[in-house]
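Protein sequence lines correspond, in order, to chains A and B. For the first sequence, full-length UniProt numbering begins at 1 and goes up steadily by one. For the second sequence, full-length UniProt numbering begins at 1 and goes up steadily by one.
Worth double-checking, as some hints may not be accurate.
Because identical chains share one entry, a pair is satisfied inside a single copy or across any pair of copies.
Said to hold, decoys possible - Listed next, the in silico DSBU-like pairs over lysine-lysine satisfying Cα-Cα at most 30 Å (straight line):
{"hint": "1", "residue 1": "Lys288", "residue 2": "Lys4"}
{"hint": "2", "residue 1": "Lys288", "residue 2": "Lys234"}
{"hint": "3", "residue 1": "Lys288", "residue 2": "Lys90"}
{"hint": "4", "residue 1": "Lys145", "residue 2": "Lys242"}
{"hint": "5", "residue 1": "Lys242", "residue 2": "Lys57"}
{"hint": "6", "residue 1": "Lys90", "residue 2": "Lys57"}
{"hint": "7", "residue 1": "Lys288", "residue 2": "Lys242"}
{"hint": "8", "residue 1": "Lys186", "residue 2": "Lys288"}
Since the hints were derived computationally from the structure, they do not count as laboratory data. These figures come from a predicted structure and were not determined experimentally.
Number of protein chains: 2
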Amino acid sequence: MTLKYAIIGAGALGGYYGGRLAQAGSDVHFLFNTDYTYVCDNGFRVDSVSGNFHLSKLNAYNSTSAMPVCDVVLVCLKTTNNHLLPELLKPILHANTLVVLVQNGLGLEESLERHLPDIQLAGGLAFICSNKIGPGHIRHLDLGKLVLGAHKMNQPEVLQQVCRDFQQAGVPCQMSDDLYFSRWQKLVWNVPFNGLTVVLNTTTDRIMANHSSRELAFELMLEVVAAANQCGVKLEESFARKMLDMTAGMTPYAPSMKLDFDFKRPMEIEAIYSNPVSKAAEAGFAMKQVAMLEKQLRFIQAQLA
Amino acid sequence: MTLKYAIIGAGALGGYYGGRLAQAGSDVHFLFNTDYTYVCDNGFRVDSVSGNFHLSKLNAYNSTSAMPVCDVVLVCLKTTNNHLLPELLKPILHANTLVVLVQNGLGLEESLERHLPDIQLAGGLAFICSNKIGPGHIRHLDLGKLVLGAHKMNQPEVLQQVCRDFQQAGVPCQMSDDLYFSRWQKLVWNVPFNGLTVVLNTTTDRIMANHSSRELAFELMLEVVAAANQCGVKLEESFARKMLDMTAGMTPYAPSMKLDFDFKRPMEIEAIYSNPVSKAAEAGFAMKQVAMLEKQLRFIQAQLA
Numbered sequence: 001m002t003l004k005y006a007i008i009g010a011g012a013l014g015g016y017y018g019g020r021l022a023q024a025g026s027d028v029h030f031l032f033n034t035d036y037t038y039v040c041d042n043g044f045r046v047d048s049v050s051g052n053f054h055l056s057k058l059n060a061y062n063s064t065s066a067m068p069v070c071d072v073v074l075v076c077l078k079t080t081n082n083h084l085l086p087e088l089l090k091p092i093l094h095a096n097t098l099v100v101l102v103q104n105g106l107g108l109e110e111s112l113e114r115h116l117p118d119i120q121l122a123g124g125l126a127f128i129c130s131n132k133i134g135p136g137h138i139r140h141l142d143l144g145k146l147v148l149g150a151h152k153m154n155q156p157e158v159l160q161q162v163c164r165d166f167q168q169a170g171v172p173c174q175m176s177d178d179l180y181f182s183r184w185q186k187l188v189w190n191v192p193f194n195g196l197t198v199v200l201n202t203t204t205d206r207i208m209a210n211h212s213s214r215e216l217a218f219e220l221m222l223e224v225v226a227a228a229n230q231c232g233v234k235l236e237e238s239f240a241r242k243m244l245d246m247t248a249g250m251t252p253y254a255p256s257m258k259l260d261f262d263f264k265r266p267m268e269i270e271a272i273y274s275n276p277v278s279k280a281a282e283a284g285f286a287m288k289q290v291a292m293l294e295k296q297l298r299f300i301q302a303q304l305a
Numbered sequence: 001m002t003l004k005y006a007i008i009g010a011g012a013l014g015g016y017y018g019g020r021l022a023q024a025g026s027d028v029h030f031l032f033n034t035d036y037t038y039v040c041d042n043g044f045r046v047d048s049v050s051g052n053f054h055l056s057k058l059n060a061y062n063s064t065s066a067m068p069v070c071d072v073v074l075v076c077l078k079t080t081n082n083h084l085l086p087e088l089l090k091p092i093l094h095a096n097t098l099v100v101l102v103q104n105g106l107g108l109e110e111s112l113e114r115h116l117p118d119i120q121l122a123g124g125l126a127f128i129c130s131n132k133i134g135p136g137h138i139r140h141l142d143l144g145k146l147v148l149g150a151h152k153m154n155q156p157e158v159l160q161q162v163c164r165d166f167q168q169a170g171v172p173c174q175m176s177d178d179l180y181f182s183r184w185q186k187l188v189w190n191v192p193f194n195g196l197t198v199v200l201n202t203t204t205d206r207i208m209a210n211h212s213s214r215e216l217a218f219e220l221m222l223e224v225v226a227a228a229n230q231c232g233v234k235l236e237e238s239f240a241r242k243m244l245d246m247t248a249g250m251t252p253y254a255p256s257m258k259l260d261f262d263f264k265r266p267m268e269i270e271a272i273y274s275n276p277v278s279k280a281a282e283a284g285f286a287m288k289q290v291a292m293l294e295k296q297l298r299f300i301q302a303q304l305a
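Turn these sequences into a full structure, and let the hints guide you.
Structural data, given as structure tokens:
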């Protein structure tokens, strides 16, 4: 099965993963925003710890209405742009197009489904350190694993093919049996470190080096674990400990939310904080500390505007 | 009864209140730190909404060992210096000297008592906006009420005389029947606004203008009220609402902790955050949000060093 791919948002994430697929010979169509003209003239460059590459010719577009209908759409936008998705997607969907939301947070598939109820939908979680460092220029610094899981699909073999295409393109890719488990699991790290690096205006290493902030990060992790369990997702507390130890061994890192803050861009507060807090509340669990971080972030976001 | 007063810490608070007593003719002895020489040469100036004054001659000292034994010691230091008190006080105490801790927070009297078990001890709460704006120069901007309450005293008439002396010096002063009630009550404002103005690097008006931060401030107030009640101090939730409304009507204000942060000085985290959190925990109540703010402040303090 040969799949035609659309990459919605060819930035740090979509540029890297879509670029790998294109480099490996897949039929990939990229939606660009501000970089469109630059990429048409100069191609697309990825500097990567797994090997650099340059795509001198690629299928670049500045509007989905100019793109072909595709079999798989990888949505790699910031979730803060998800309100644009229903309109963006319409021109490139056929009856069985699989849309994969490669994004952090909760409630994303449910939200899109409300607008496009008949859509084939999956989610993806990217474990990667990559940045856009210039127009049409991505730097991939570390890691790179992609985890894919079904939300609602008629043809599970399509997502399996996506996984194989990535593997053949040199991207470590695996299937998740339970997308929501994987989404909650990823929040165990994202909730403390995205928010605290913004509120405390710092990096992961400094949070880990201070007793109070390290303890707070761990408490936030445990609150995510407790909320997940209350929502029927069986996360273990030992996973939080493992994530904390992993962070202690990381090089100094500014998570994506910290970069958004630094560059005065919208932060993914809704997907990473508000939606988990709401879901936990529906299940009867008050995420007191995470909700406090959410409110602090909302204040900070308002001051950036 | 004529009382001989010592003012320990003649800054924004001690300079104003001690200055008022001296101006009204009380026998007041001031301990200065860095301003000692300046004040000896130039006297002491207070610009005040209640009337300016200048003390051209005052009893200034740079060490308590040079001071006379006094009947009343008003401690107006930052609580971050309270570890110095046992040594500082010894030279100026007679058998019945009354020490009044004019400071915010909890656990201050208990802590001093552990070092000086036989001391006569009271507490004070200052409802005042004043700043030190230069050597020997205080600016009193707004409010000014002083509330006094007993901790452990043989002679209650001494504290009553202190109250009268202040009233005669033009300072609105009243007695509290219950010092701990008054200390918890003051925390209802201090806990949210001291900490949040630091962590969010802002002023009270901006916290009040944003829905999320205003809600968070109110939640923190309610947590203080709940903790107080758990500790047997009967605060009402309506008081939190009253404090919130009062803050909405205030002019933009940077609380003392925000000024400490701005000038990279030690913040009063122990007295205003850690001690209430500990007392509530002893009473079986987890101040989750206040403890989170405490940890954020401890991180920020560590980065200032």
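Comparing the hints with the structure gives:
1. Lys288 / Lys4: The answer is neither: 45 Å in one copy and 50 Å across copies each exceed 30 Å.
2. Lys288 / Lys234: both (20 Å within a copy, 24 Å between copies)
3. Lys288 / Lys90: neither (39 Å within a copy, 46 Å between copies)
4. Lys145 / Lys242: within (18 Å within a copy, 53 Å between copies)
5. Lys242 / Lys57: neither (43 Å within a copy, 66 Å between copies)
6. Lys90 / Lys57: within (26 Å within a copy, 83 Å between copies)
7. Lys288 / Lys242: For Lys288 and Lys242, the Cα distance is within 30 Å both inside one copy (23 Å) and across copies (23 Å).
8. Lys186 / Lys288: Both: 19 Å inside a chain and 23 Å across chains, each within 30 Å.
Violated hints, in rising order: 1, 3, 5; the structure is consistent with all others.
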